[in-house]
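Chemist: Sequence:
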Amino acid sequence: MQAFISKIRVGYSDTDQMGFVHHSNYLKYYEAARWNLFRHRGIPYKEIEDGGVLLPVVGVRMQYLKPAFYDEELTIETTVVSMKGAKLMLSYKTFNETKELINTATVTLAFVNSRTRKPCKPLAYVVERLNKSVKGVEMI
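Per numbering that gives the first Met the number 0, the sequence shown starts with residue 0, numbered consecutively.
The set of hints was computed from the structure by calculation and includes no laboratory data. Mixed in with the good hints, there may be bad ones.
Derived DSBU-like pairs (lysine-lysine); straight-line CA-CA distance at most 30 Å [claimed, not checked]:
| no. | residue 1 | residue 2 |
| --- | --- | --- |
| 1 | Lys27 | Lys45 |
| 2 | Lys27 | Lys117 |
| 3 | Lys45 | Lys131 |
| 4 | Lys98 | Lys131 |
Could you build the full structure based on these sequences and the hints that come with them?
Modeler: Laid out in structure tokens, this is it:
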């Protein structure tokens with residue numbers, strides 16, 4: 000699947016005393032990029048919840064390669080790696096303004112029944128729409 004491109008500008012409050020983007024903010028950026036991808040594919044998260052399904056994060060693997068700084072515009076590439084059973088795996092690559100790869104991550108989510116809190120199959124339309132080729136740029 001082709002990567003979905005999101006852009007984000009680093010806010011002052013996202014940086015630490017060293018002037019770097021604090022490591023925890025990458026997860027916030029990746030969540031925003033994920034929901035931009037879903038919305039772009041016609042899958043607003045509220046619609047998934049209204050369908051009785053939640054998508055908690057159940058795993059994260061991240062590698063920090065270089066720091067990002069205040070006011071930099073970051074480019075995030077989000078790719079659906081797999082959807083198997085109740086799990087959805089996404090990969091992320093973050094590039095700085097000079098197109099250097101500065102962070103990579105793999106995030107695994109579980110499709111969970113909102114009433115029972117047990118794993119469930121993804122909604123059919125979610126699978127269909129995420130399996131389509133993805134193009135576009137969204138600003139976050």
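Chemist: When you check the alpha-carbon spacing of Lys27 and Lys45, does it fall within 30 Å?
Modeler: holds (18 Å)
Chemist: Against the 30 Å threshold, does the CA-CA distance of Lys45 and Lys131 hold or violate the hint?
Modeler: Status holds; Cα separation ~21 Å.
Chemist: Check the hint pairing Lys27 with Lys117 against an upper bound of 30 Å on the C-alpha distance.
Modeler: Holds: Lys27 and Lys117 sit about 25 Å apart, inside 30 Å.
Chemist: Quick one, are Lys98 and Lys131 close enough, alpha carbons at most 30 Å?
Modeler: holds (26 Å)
Violated hints for the displayed structure: none, as all numbered hints are satisfied.
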